[in-house]
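Chemist: Sequence:
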Amino acid sequence: DFVVLHPGSARAEKFWIAQRWAEVADWIAGKGRLRCVLTGGKLRMEQEHIAHIKARLQQPIVDLSGKLDLLSLTALLQRARLLVTIDSAPMHLAAAIGTTQVALFGPTNPFHWRPRTTPAAILRAGYPSPMTEFLPKQTPHPMKEISTEEVIDAIETLLSMPAAPIA
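Residues in the sequence shown are numbered from 1 upward in steps of one, following this note's numbering.
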């Protein structure tokens, strides 16, 4: 069993705080039953963000960032117990293949871009709990408004659900 963390994007304003990613990864790995796999693209700013996350980790992580093509990433997501990501292409891939996920939104509106076909917790900066109502017009918020505790609570909720069989 493993959880995929995908913190990157081609848009830096979508980045969540590196320390918080590390705290989430350490919490998952510290539970002892799940491993963390880090994915991301090859863009320099994305790799720098990932390096900041890795520098803050206390627990081991499998780093596949910059090493997977789209097909390999999809295969990895299909076998994952959970994906934790920002609004990104892997979020849409996970939705298409049925992988449970926690999706973080700040500058983009989940009304338009949220996963619609899988169990998902949609966390929006500026909202204290996972979103259940979506409006076409929402004010953007900085990602830093999403707390580590909100993400961990969403992960706990989703991991408490029975795991889907691996295809």
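There's no promise every hint is true.
With a Cα cut of at most 35 angstroms, we get these calculated DSBU-like pairs of lysine-lysine [what the hints assert, rightly or not]:
(1) 42 - 67
(2) 54 - 42
(3) 14 - 31
(4) 144 - 67
(5) 67 - 54
(6) 144 - 54
Pair ranges (Cβ atoms, derived) [unchecked claim]:
(7) 148 - 12: 26 to 34 angstroms
(8) 160 - 139: 27 to 35 angstroms
(9) 66 - 92: 13 to 21 angstroms
(10) 69 - 142: 29 to 37 angstroms
(11) 11 - 55: 20 to 28 angstroms
(12) 72 - 149: 27 to 35 angstroms
The set of hints was computed from the structure by calculation and includes no laboratory data. It should be emphasised that the depicted structure is a prediction, and the values quoted were computed from it without experimental measurement. By construction, the Cβ of each residue, glycine as well, lies at the ideal position given by its N, Cα and C atoms.
Chemist: Now, for every hint given, state plainly whether the structure supports it.
Modeler: Cross-check of the supplied hints:
1. 42 - 67: holds (8 angstroms)
2. 54 - 42: Holds, at roughly 16 angstroms.
3. 14 - 31: Distance of about 28 angstroms is within 35 angstroms: holds.
4. 144 - 67: The given pair, whose Cα atoms are some 28 angstroms apart, holds under the 35 angstroms limit.
5. 67 - 54: It holds: about 16 angstroms lies between the C-alpha atoms, which stays within 35 angstroms.
6. 144 - 54: Between residue 144 and residue 54 the Cα gap is close to 18 angstroms, so the pair holds against 35 angstroms.
7. 148 - 12: 26 to 34 angstroms: violated (20 angstroms)
8. 160 - 139: 27 to 35 angstroms: holds (32 angstroms)
9. 66 - 92: 13 to 21 angstroms: holds (20 angstroms)
10. 69 - 142: 29 to 37 angstroms: holds (32 angstroms)
11. 11 - 55: 20 to 28 angstroms: holds (22 angstroms)
12. 72 - 149: 27 to 35 angstroms: holds (33 angstroms)
The structure shown violates just one earlier hint, number 7.
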